[in-house]
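There are 2 protein chains.
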Amino acid sequence: MSDKSANGNGNGNGKRPLPQVSAVDPVANLPAIEGFPASEKVYVEADGLAVPVRRIHLTGGEPAFDVYDTSGPQGVDPHHGLPKLRKPWIEARLRDGDSGNRSQMHYARRGIITPEMKFVAIREQCAPEFVRDEIARGRAILPANINHPESEPMIIGRNFLVKINANIGNSAVSSTIGEEVDKLRWSVKWGADTVMDLSTGENIHETREWIIRNSPVPIGTVPIYQCLEKVKGDPEKLTIDLFLETLIEQAEQGVDYFTIHAGVRLAYIPYTANRVTGIVSRGGSIMAKWCLSHHKENFLYTDFERICEVMKKYDVAFSLGDGLRPGSTADANDRAQLAELDTLGELTDIAWKHDVQTMIEGPGHVAMHKIKENVDLQMRICKEAPFYTLGPLVTDIAPGYDHITSAIGAAMIGWFGTAMLCYVTPKEHLGLPDRDDVKDGVIAYKIAAHAADLAKGHPGAQKRDDALSKARFEFRWQDQFHLSLDPDTAKDFHDETLPAPAAKGAHFCSMCGPKFCSMKITGEVREMVAKQELEAGLAAKAQEFKDSGGKLYAGSDDHDH
Amino acid sequence: MSDKSANGNGNGNGKRPLPQVSAVDPVANLPAIEGFPASEKVYVEADGLAVPVRRIHLTGGEPAFDVYDTSGPQGVDPHHGLPKLRKPWIEARLRDGDSGNRSQMHYARRGIITPEMKFVAIREQCAPEFVRDEIARGRAILPANINHPESEPMIIGRNFLVKINANIGNSAVSSTIGEEVDKLRWSVKWGADTVMDLSTGENIHETREWIIRNSPVPIGTVPIYQCLEKVKGDPEKLTIDLFLETLIEQAEQGVDYFTIHAGVRLAYIPYTANRVTGIVSRGGSIMAKWCLSHHKENFLYTDFERICEVMKKYDVAFSLGDGLRPGSTADANDRAQLAELDTLGELTDIAWKHDVQTMIEGPGHVAMHKIKENVDLQMRICKEAPFYTLGPLVTDIAPGYDHITSAIGAAMIGWFGTAMLCYVTPKEHLGLPDRDDVKDGVIAYKIAAHAADLAKGHPGAQKRDDALSKARFEFRWQDQFHLSLDPDTAKDFHDETLPAPAAKGAHFCSMCGPKFCSMKITGEVREMVAKQELEAGLAAKAQEFKDSGGKLYAGSDDHDH
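Protein chains in written order, with our numbering: chain Y, 15 to 575; chain E, 15 to 575.
Calculated from the structure, these hints are not laboratory results. Treat each hint with caution, since some may be false.
Since the list gives no way to pick one copy over another, a pair counts as held whenever it fits inside one copy or between any two copies.
[Stated by the list, open to error] Each computed DMTMM-like pair below joins lysine to aspartate or glutamate, with the alpha-carbon atoms no more than 25 Å apart:
| id | residue 1 | residue 2 |
| --- | --- | --- |
| 1 | Lys518 | Asp448 |
| 2 | Lys477 | Glu387 |
| 3 | Lys397 | Asp448 |
| 4 | Lys384 | Glu541 |
| 5 | Lys555 | Asp348 |
| 6 | Lys534 | Glu250 |
| 7 | Lys545 | Glu250 |
| 8 | Lys470 | Asp390 |
| 9 | Lys470 | Asp348 |
| 10 | Lys453 | Glu510 |
| 11 | Lys453 | Asp502 |
| 12 | Lys477 | Asp348 |
| 13 | Lys310 | Glu549 |
| 14 | Lys203 | Glu541 |
| 15 | Lys55 | Asp450 |
| 16 | Lys534 | Glu216 |
| 17 | Lys453 | Asp509 |
| 18 | Lys384 | Asp561 |
| 19 | Lys545 | Asp248 |
| 20 | Lys453 | Asp506 |
| 21 | Lys310 | Asp561 |
| 22 | Lys132 | Asp147 |
Working from the sequences, and respecting the hints, build out all of it.
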């Protein structure tokens, strides 16, 4: 499985080592990523496939608990990249009748259940045919560039577990390739389902190469950022040819989905002029500037079908960008945003005509009472193509805490039907996220996604809550930590108040102390109720015995013959 | 105003210094509480009253921005306690015809608008008559024990700003009086509207005395905790007489609201036996144990009217406790919880018969799809008495992050009509909150409460979002920090990426760097649109001029005579 030979479909999978941009090895001193305590990675074998789960071992006779696992193969040298899990599947398809359209949607619509779909079905605990059907009708996407064979298949759609995306990427101001590879591995450890590389500065191509080769999850990008680098930051010089060339470059490397701001139409731009925060999407503002400078329609819109031709050849999925998304609660659900959404619906139809997998990006900043309208409109206008939202932040007044302001909106929009939630870190609006920020963002979004799964009644979601709550109630402290999203933090917090190892076995907690504990008392209540029920039962039996005339075997008269 | 003489209504307001429990001065080395940058405390004069606001000074010609302020008088020696703002009002009422019932509800129902109600009206920017009417009908409470004259009046009700409560208090395991006074001052700095002292260990009485004398916000307690100390931790020994004696002791000190678990009826206890997490409320489990041990009805229920007699004499408000609240999402909205809610509705009627102000406590742990039912039922059963909920946490799987899991539920339940949100800190379920945890909890809940105000369309709530968003869009970095809930953290995060002082005036941010910035481009878009509109306008004018025959003053033919 850990074959490093070329797969023939791109320039990123060959035998040559990953590119180095200087004499310094960018991944020489990456921090080790520790595993979770009491957990082991296990591959569930089914349907000829080995699908990873993280198995949490519990105490007190409780069965082990398996959780969805995004962390990928461990202990791999980043210079070599991850094993190419999907390589034989991709090669077999190309050999057995390649139509030039390699999208999972194309196969799904021809009734073919790919190994990727089977893999997803095991991960999501549903039928492969259901996966195929959801992809065929466009209600789910399985991002899987043929040049990213290292990825473990996953699915984005509202009838599956809610997914989360983490953004990484260097900028003109900061960070190196090594830091970004570290953030990638750190993100997937904590549960990121996809990662977007939003690099805008130097070494965009090389950074991306290192990221993709080491990523077990789909990678998304915003190709216009690299285009802008190629024209030295002048949006007016952008052309469709440069754009297509860049798409091909990135598709060859293995990018699994592209954010493309094809809905920013010339006519909509004036709608933003009186907003509190104008246009806040980088891609959106680049295209707006191009449109206004040339006084022409957005070339991403006019040449959308040429873009589709590239997408289907590599199976890159569209993430149709919301370039006119609101940048403040004041601008939510306004004319600019909704006009663009109409165009995204139109473009979804065109993408689907080409069997190109498509999801739709959404806001941003939206107060709670306006969130549901976003989902309802998106589902209708984009015919249930998966919705992929950034938060939304439910208030603008807490920079430094926007992982929280946005987790509130994310949980709600996930419940209402959004398929993937793009994380926001505490540094949003203020600076570039570091390792701690990435973790805080991912954990906040795992909470939001899981809360949404619970509220949607996803089968299985409630089980983890129940396992953890049971451990909590039974004072199995270690099990409580191990079942949590972040066992180390939970344990550290417990240690701060009760550091003695014996406290981890104590039948009390620091909130009430040893003399009095509500959970302890409930245990006693339970015993008393059981005893009273038993006594009541015995008393009833005694009365019954008495009423029946005192015979030891009441029924014997009737049946003993 | 800073009079320290006795007011004659309790043992806590006399000339004697605050009690010391040992030779060590408990508040000798409290950390100083810093103010907010660019802010000053201003007293708005109106209706003969001086109501505090925090005035945030902005740059760029923007007007100063006033925010609701809970921090109380600053720079007061904790040995002396805060000035007794309400003392003359209370004394005047007692002089001018004391009926023995001193509750704000009693005055409101007799058509009297108290100074407290006027103060609240200025704070909430509404009419005093509206405040009086909401209190009279029981839809809002104004917690204001006559023996806590230091408090600055505030109101809890769904037609006002959503409020938040912070819990402090020592336990058998940890913390001292000084730490608790520090947490009080720290909580109100960050915006706690009320504070509950949940002390359970040694020195309960003394700790409470220090807290009340230094609190500008209403203080709540759970008196059964102190009762349990008095019977050395044995719930079976509790009696109504001990309870009433403890209520009087605490009411004399000036506690503004009592959590009383009078809805834990004997018949409901067996409903909890098959729960995943039984009874998790401390007060609930104490009363459950008492009921079962004696096989008798809860004395708090049977003697509820005797309790009302104490409450109305001091104007202590009820916070009717939900002793059977769910401790896990599995147990949410179950028979035990809803049976207790029915009883709380019944008790609300009795409390209101005595003109005792009453709010109702709510869960706890509730997945998102079950939250609204809680509010709808509570409003109907308790006739719109204010709802006061703990979170709720929307999932159980993230110990260490329960300020986030619960802020999601809190924001939603606040939007649906909950009047006050009890904070949850990151330490919930794991340990006792320290200073940082208290701050994290308060900030998460300020976010939730403000998000709820926005979603409810509270007049004025949107203004702060807009002011901050405008500052953000105009690159007024300092203004953005100063308008945020936590300016220091926002600034520190910005410093991490761009530490140079000049960056605070830079028209770009670290996400995009100086060469390219979406907000910068939008500014250009705005200019271009304005220019195009101008040009279009000029062209139209030119055409008009041409069409009109080229006369310079089109109307002159008609009017120049």
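Against the structure, the hints:
no., hint, result
1, Lys518 with Asp448, "between (32 Å within a copy, 20 Å between copies)"
2, Lys477 with Glu387, "between (31 Å within a copy, 23 Å between copies)"
3, Lys397 with Asp448, "neither (38 Å within a copy, 50 Å between copies)"
4, Lys384 with Glu541, "neither (49 Å within a copy, 30 Å between copies)"
5, Lys555 with Asp348, "neither (71 Å within a copy, 30 Å between copies)"
6, Lys534 with Glu250, "between (70 Å within a copy, 15 Å between copies)"
7, Lys545 with Glu250, "between (81 Å within a copy, 18 Å between copies)"
8, Lys470 with Asp390, "both (16 Å within a copy, 20 Å between copies)"
9, Lys470 with Asp348, "between (28 Å within a copy, 19 Å between copies)"
10, Lys453 with Glu510, "both (21 Å within a copy, 17 Å between copies)"
11, Lys453 with Asp502, "both (13 Å within a copy, 21 Å between copies)"
12, Lys477 with Asp348, "between (40 Å within a copy, 18 Å between copies)"
13, Lys310 with Glu549, "between (86 Å within a copy, 17 Å between copies)"
14, Lys203 with Glu541, "neither (42 Å within a copy, 45 Å between copies)"
15, Lys55 with Asp450, "within (24 Å within a copy, 35 Å between copies)"
16, Lys534 with Glu216, "between (59 Å within a copy, 21 Å between copies)"
17, Lys453 with Asp509, "both (21 Å within a copy, 20 Å between copies)"
18, Lys384 with Asp561, "neither (66 Å within a copy, 47 Å between copies)"
19, Lys545 with Asp248, "between (80 Å within a copy, 20 Å between copies)"
20, Lys453 with Asp506, "both (16 Å within a copy, 18 Å between copies)"
21, Lys310 with Asp561, "neither (96 Å within a copy, 29 Å between copies)"
22, Lys132 with Asp147, "within (12 Å within a copy, 64 Å between copies)"
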